[in-house]
Structures are given as C-alpha cells and as structure tokens.
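J.: Listed in order, the protein sequences are those of chains A and B. Start counting the first sequence at 77; every next residue gets the next number (our numbering). Start counting the second sequence at 150; every next residue gets the next number (our numbering).
One or more of the hints may lead you astray.
[Claimed, not checked] Think about it this way: if two alpha-carbon atoms lie no more than 30 angstroms apart in a straight line, the pair counts; the simulated DSS-like pairs of lysine-lysine are: (1) B:K196 with B:K206; (2) B:K411 with A:K205; (3) A:K279 with A:K179; (4) A:K134 with A:K120; (5) A:K112 with A:K83; (6) A:K120 with A:K131; (7) B:K196 with B:K411; (8) B:K428 with A:K205; (9) B:K476 with B:K206; (10) B:K531 with A:K131; (11) A:K179 with A:K112; (12) A:K289 with A:K279; (13) A:K134 with B:K531; (14) B:K469 with B:K215; (15) A:K131 with A:K143; (16) B:K215 with B:K196; (17) A:K120 with A:K143; (18) A:K120 with A:K279; (19) B:K469 with B:K388; (20) A:K205 with B:K196; (21) A:K205 with A:K279; (22) B:K460 with A:K112; (23) B:K388 with B:K215; (24) B:K460 with B:K531; (25) A:K222 with B:K411; (26) A:K120 with B:K460; (27) A:K120 with B:K531; (28) A:K174 with A:K83; (29) B:K411 with B:K469; (30) B:K196 with A:K222.
[Claimed, not checked] Covered stretches of chain B, going by a simulated chain A footprint (3 or more residues, C-beta under 8 angstroms): (31) 211 to 221; (32) 273 to 283; (33) 520 to 529.
[What the hints assert, rightly or not] Example chain B residues on the side facing chain A (calculated, C-beta under 8 angstroms, incomplete): (34) Q262; (35) M406; (36) N433.
Just so you know, these hints were derived from the structure itself, not from any lab. These numbers come from a predicted model, not from an experiment. Using N, Cα and C, we set each Cβ at its ideal position, and we do this for glycine too.
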Amino acid sequence: MNTLNSKRRWMPYLWLLPSIVLMAIFVVFPIAIVFKLSFSEISKSGIVGGFIGFKNFKDAIGLPAFKTVMVNTFWWVLSVVGLSTVIGFALAMVLNQKFHGRKIARAIVVFPWATSLVIQASVWNYIIKFEYGNLNNVLLNLGIIKQAINWRSSYTIEFIWECWVGIFVTIPFVTFCVLSGLQSIDASLYEAATVDGAGFWDKTWKITVPLVKPSLTVSTVLNIIYVFNSFPIIYTMTKGAPANKTDTLITYLYMLNFYDRKKGPATALSVIGFVILCICAGIYMVTVMRKEEEE
Amino acid sequence: MKKILAIALALCMVLSLGAAAFADDDITLDVIICQYGPNTQEWFLGKGMNGTNFVDKFEAENPGIKLNLEVVSWNDVYTVVDTRIAAGQAPDILNIDVFANYANEGLLEPVSQWCPEELYNDFFPSFIDQSVIDGTVWAVPDLASARALFYNVDMFEEVGIEVPTTWAELEDASQAIIDFYDGEVYPWGIDMTTDEGQAAFAYYTWGNGGGFVDADGNWAVNSPENVEAIEYAIGLINKGYTNPSPATQTRYDLQDMFAAGKLAMVIAPNQLPTYVADKGGSINLATANIPANEGKSSSSVGVMDRVMAFKDESAPDQAKRDEAIGKFAEFFYNPENYVGWVSMEGFLPAVNSAVGALVEADPSFGAWLDVLGGCQFYPTAKAEWDQVKQGVIAAEQNALTGASVQAELDALQAALVG
C-alpha cells in the first residue's frame, strides 16, 4: 500500500519530465540567454563581450525608428486582435446556425488557417499589385473602375493592408474557438429565453456572450501573443519599408540584428517585447479571472 | 528486445568513435558556399559537374583532405555564419560578399597565409584591392558581375527616341515614353528597397561625380553632388517616370516588369538576358552606359563576392590546415573547374586564367569584361559599410515620403564621423 502511494506521488512528475526537459531546453534556456545577452556587449559578428548594464536598452530606445515602431506595433495588435475577434465571433454565430452546406462553409473558413502565412501574404501581394494585380483586373473587367488603382500609394495604406491580411488570417482561429464554445451551450436556454420574450440581441448579450467568454478569453490571450510576435506578413509584404515606417517590433528587431547588425539593441528590444507581452497577457488574465470569481 | 537494441546502439557509438580515431590524420575543412542559383547545389554536392560534384572530385584529387561543404541561401547565410561564430564554430572557408567585420574582429586569416603565390598573382589586382584593410589582404574575389543599363529596343524604335546618355535626356525620353504609351509603360526602373537601395545610391551619385567616399577614401555621403543626385532620382519618381513603389519593388520585380514589357529601361547585372529568357520573355534588349549628369562621366557598378578563411586556434597543425585551404583554393580556381562554375551561373570571372576559355565559349563575355575593368565597387572594406548601406537606404526611403535629402544625408554623415 505504502509503495503504491509513493508511486502515485512521483509518477505524474515522471510523465511530465520529458515535456519539462524540452520546455527547459527550448523555451526557458533561450529566454534566459536573451536576457543575459541584452546586458552584454555584442560585436557585429555576434561575439559576446562583457556586462555593459543598460547600454543596449538605452541605445534601443534612442533609435530614430523606435517610436514609430512601437506605435505601429500597438495599432497592429489592436486592429488585428480586435477586428478579427468581432468578425470571427459574428462568423461563428452564423456557422452555428443549421443550414444547408454548413460543413462546406466551415471547411472554407478554415482554409486561410491551413495555409502558411508567407504564402497568404505573397498571394495578397499579388492581389493588390498595381501592374497586374487580380483586384485591379477584376474591378476593371467588371467595369467598376475605369483605370487601375495603385492600392499601395502610401506607407499608411500599405500598413492598413498588412493589418487586413493579419485580420484575414486570424479570423478562422477566433471563429473556431468561439464555435466550440457555442456548441457547448444548451439549446434549452435559448428556448426558455424565447418563451420569456427575449429578442435576438437579448439572447446574444445575456446568454451567448457570457457563456462563450471562457473560449473568447483563451482566443484573445493567445491572439495577442501570436499577433504581437507575427513576423511573416509584414516581412513578406513590405519588409518594414519605407524606412521602418511599416515595421512592428518583431520585424524591426530582426532587421536591426541581421541587416543593421546592431545586435545589442536588437536583443534589448526582444526583451522589451517579451516584458510587454507578459504584462498584456497578465493584465488580461487577471481581470478576466477576477470577474469570473466575482460571478 | 530493448536491451539488445541498447547494446547495439552503444556498440555503434563506440565503433564510430574508433572510426574517427583511425581517420585522425585526415583534415576536414568546413566550407560554406552561397547559393547563386538553382545549379549551385548540384555543382557542389549533386551531379552537376559532369556527372560528379565538386566535393567528390576534390577529395579524390586531394587524399587526406575532407570537405564538409554546405550550400546556404543568400537569405540565410548571414544568420548561419553569425550563429556559428557566436558558438565558436566558424567555418574554415566562407564564400560571402562582406568581410570587413570579420577581419576587424580578428576572425580571419590573412590571404598571404593560405593562398599559393601563383594563384594570388592570377586575380585581377583591382579586385584584390577591394579586400584590403590596413595593408593586409583578407579575402579573394570568387566571381563578379557588372551592372549596365538595359533597354527595350523595340519600344525605343516605336517611340522614335535615342537611348539617353545624360540625366536631361533621360527625362526627355521618359516623357516621350509616357506620352506614347499613355502611361501603360514605366520608362525607368528604380529600386530603393532594403534589398538593394544602396545600388540606386551608387548609380546616381557616381554619375554625378559623388559617391560614398571622397578622393581620400573618407566617408562623404552628404557631398553636394550626392544631394543633387538623390534629389534628381526622387524627382524622377515624383514626376511619374518610374515604377510606382520604389521602396518595396526590388530589382527582381523590375526585371519581371522589364521581361513583361511593362518597363522600358532598367539597370541590371549582366545576367539579365538569361533571366528574361527564363521568365519566358522575348524582349529585344540591348545595353548602354548608365546615364550620368551633363559633363560627368558614367561609371558602371561592379559587385563582387569573396572567399575567405577563418582562424581556428584549435587546429592541431596550423601549417597543414593552411596548406589544405590553399589546395581548396587552387582546385576552386583551376580553369578546368572554375570556368564551368562561373559560366553556369552567368557571372564574370575573378582570375586571368579563366578569361580565354570564357570568351571563346561566349564572345559577349568580352564586352562585359571591358565593363568590369572600368567598374567602381562599394567601399565594403570600410568598417562602417553596414551602417552606410542601411543609412543611405533609409535616407532614400525617407526622402520618398517627403523628407529633405540634405537633412537625411547630413544626419548620416554626422553619425559616421561624430
């Protein structure tokens, strides 16, 4: 009996050991190294020197593009996470209805998710191309426009396109998180509400939203992390050009490291990004959990 | 069963250790080669060298030297090399474009230590000069390419204009092309992307008597000639004579437009005809000098890549290692191997001994070799080159969004000398 008990005690840790070891090697260790690097002098070829305090951080914040990049990152995360959540939620509501061809519709919604981001971004690049882009072609042939439109006439518009592609590829993820939440709602709740005279918006706000909230929380927290760290869309579409005006923190620190070879400030920036993410995710989780406890 | 497996595995490991010990007299060179095109991998590791490959042929001819050769794409090579240096596993031999950072940080072996004299004297001296820091040669050129103006002959005949040689003529020709084709064809291609915006800087500033450095070789990015040149280039864009998004349209986008007959003129390397043919284009193209400002001389832009050897303090026998690297170089540049390599990817050679065979195979090479003779190169031997390259691209891109060229270049110059 005694041996069985002690076995029960250490067995879970044994089964967890492989993932703990893997996490330590591939997640914790690299993060620790980056923290160490951010306080060290690093040469252009990547040779690590001694401790230099906060110099890398000071250099990073002093970079001329720093402010633009942080503002871009803010809008990038806010617009992509925000709009994809709203659209994804609406789409999930539609897909939760019973209608003919629902399975096909669901499959179509997953498609963008199943393709790699680089391919998605390249395809969108072609769609909005001025010279022989599909969008101009279609609009011209339909007679909606008379002359080809330059869809990328300024960097602000290019950045908006990048946000749109970000939203487009993020929608499926939100849709499926919400959809799984919707399917677990007992239909009798809606029936009872209907009997009591509740309309569509009442049911949405008072039954659907509160009950899918846990799924929505998960999808939003994960989305903030994914979108903040998303590299391929911006790198494929503009590489941050012109002059870092369409960069977010992640693409900027890559360019800083491998093109400009300012390796010290680049590691400092990645630490700053990590801290920002921890804070964002932390605040969100804490508020949501507190609310749930209150309820 | 598991026990047997474990024992078998352990045995394998012990045996492989033994094998390594037996082969101790062999020297293994880690080599990184950049991927110039689809044939590079086949040539070095597949069957692209008359049914065999570089590594097998080299090892057969040089017993006792093994090659651990990797072909890496240009996109990844800086990351790969930096990571290996940081991990203390720098390659023995590296083929790449830049060298100054590695040399300045004391990572490279001087060429004189490993390059046999006969081979050294075979390189074009003007090429070797580009790899000198403080009087020491740190790398040798592996191949080169030269840039010239390519134009669509049929379009020029249709419009009835001559190829421009000056900036003023370029504007007139552009306007004529716009008028004739009603804006359907871009007259002039400009690439100010992070890919190659520094080339645009070179084309215009060198054509106006300016450049990255002054006559003494000191940085002079904000010279009046440079400011005038970049303002001229930005003017071409603002007047609508160019492709619409120079900050994101790379030279490859321009070459595609040229091949599709959407662009009348483009500055491109000598491989453009092959590129157009590969794209299925049938453009009637010809080359001309890059237009320069009135009274200034046109100069072509040469681009050169390099081969260099890293130090390895841990090597037991330094002399033997240097000798092995020398043998690699001799084999690489042996006309028997080198001519095939250079012509396969459409590049220009870096050694005299290859010229004869190349011109014989393709007479058009002769003209390009002349161009190469008069080329200017980027000042890649200067330590601040990375910063200058990124700096001029950022200046161009900021100017595209309305910033003052003078202020942008002044700021860069101040950062360089301050």
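J.: Next, verify each hint and record whether it holds.
T.: Comparing the hints with the structure gives:
no.: 1; hint: B:K196 with B:K206; result: holds, 11 angstroms
no.: 2; hint: B:K411 with A:K205; result: holds, 13 angstroms
no.: 3; hint: A:K279 with A:K179; result: holds, 25 angstroms
no.: 4; hint: A:K134 with A:K120; result: holds, 18 angstroms
no.: 5; hint: A:K112 with A:K83; result: violated, 39 angstroms
no.: 6; hint: A:K120 with A:K131; result: holds, 16 angstroms
no.: 7; hint: B:K196 with B:K411; result: violated, 38 angstroms
no.: 8; hint: B:K428 with A:K205; result: holds, 19 angstroms
no.: 9; hint: B:K476 with B:K206; result: holds, 13 angstroms
no.: 10; hint: B:K531 with A:K131; result: holds, 25 angstroms
no.: 11; hint: A:K179 with A:K112; result: violated, 50 angstroms
no.: 12; hint: A:K289 with A:K279; result: holds, 14 angstroms
no.: 13; hint: A:K134 with B:K531; result: holds, 26 angstroms
no.: 14; hint: B:K469 with B:K215; result: holds, 13 angstroms
no.: 15; hint: A:K131 with A:K143; result: holds, 18 angstroms
no.: 16; hint: B:K215 with B:K196; result: holds, 18 angstroms
no.: 17; hint: A:K120 with A:K143; result: holds, 24 angstroms
no.: 18; hint: A:K120 with A:K279; result: violated, 60 angstroms
no.: 19; hint: B:K469 with B:K388; result: violated, 62 angstroms
no.: 20; hint: A:K205 with B:K196; result: violated, 39 angstroms
no.: 21; hint: A:K205 with A:K279; result: violated, 44 angstroms
no.: 22; hint: B:K460 with A:K112; result: holds, 27 angstroms
no.: 23; hint: B:K388 with B:K215; result: violated, 58 angstroms
no.: 24; hint: B:K460 with B:K531; result: holds, 21 angstroms
no.: 25; hint: A:K222 with B:K411; result: holds, 19 angstroms
no.: 26; hint: A:K120 with B:K460; result: holds, 17 angstroms
no.: 27; hint: A:K120 with B:K531; result: holds, 13 angstroms
no.: 28; hint: A:K174 with A:K83; result: violated, 50 angstroms
no.: 29; hint: B:K411 with B:K469; result: violated, 56 angstroms
no.: 30; hint: B:K196 with A:K222; result: violated, 53 angstroms
no.: 31; hint: 211 to 221; result: violated (count 0)
no.: 32; hint: 273 to 283; result: violated (count 0)
no.: 33; hint: 520 to 529; result: violated (count 0)
no.: 34; hint: Q262; result: violated, 20 angstroms
no.: 35; hint: M406; result: holds, 6 angstroms
no.: 36; hint: N433; result: violated, 21 angstroms
The earlier numbered hints that this structure contradicts are 5, 7, 11, 18, 19, 20, 21, 23, 28, 29, 30, 31, 32, 33, 34 and 36.
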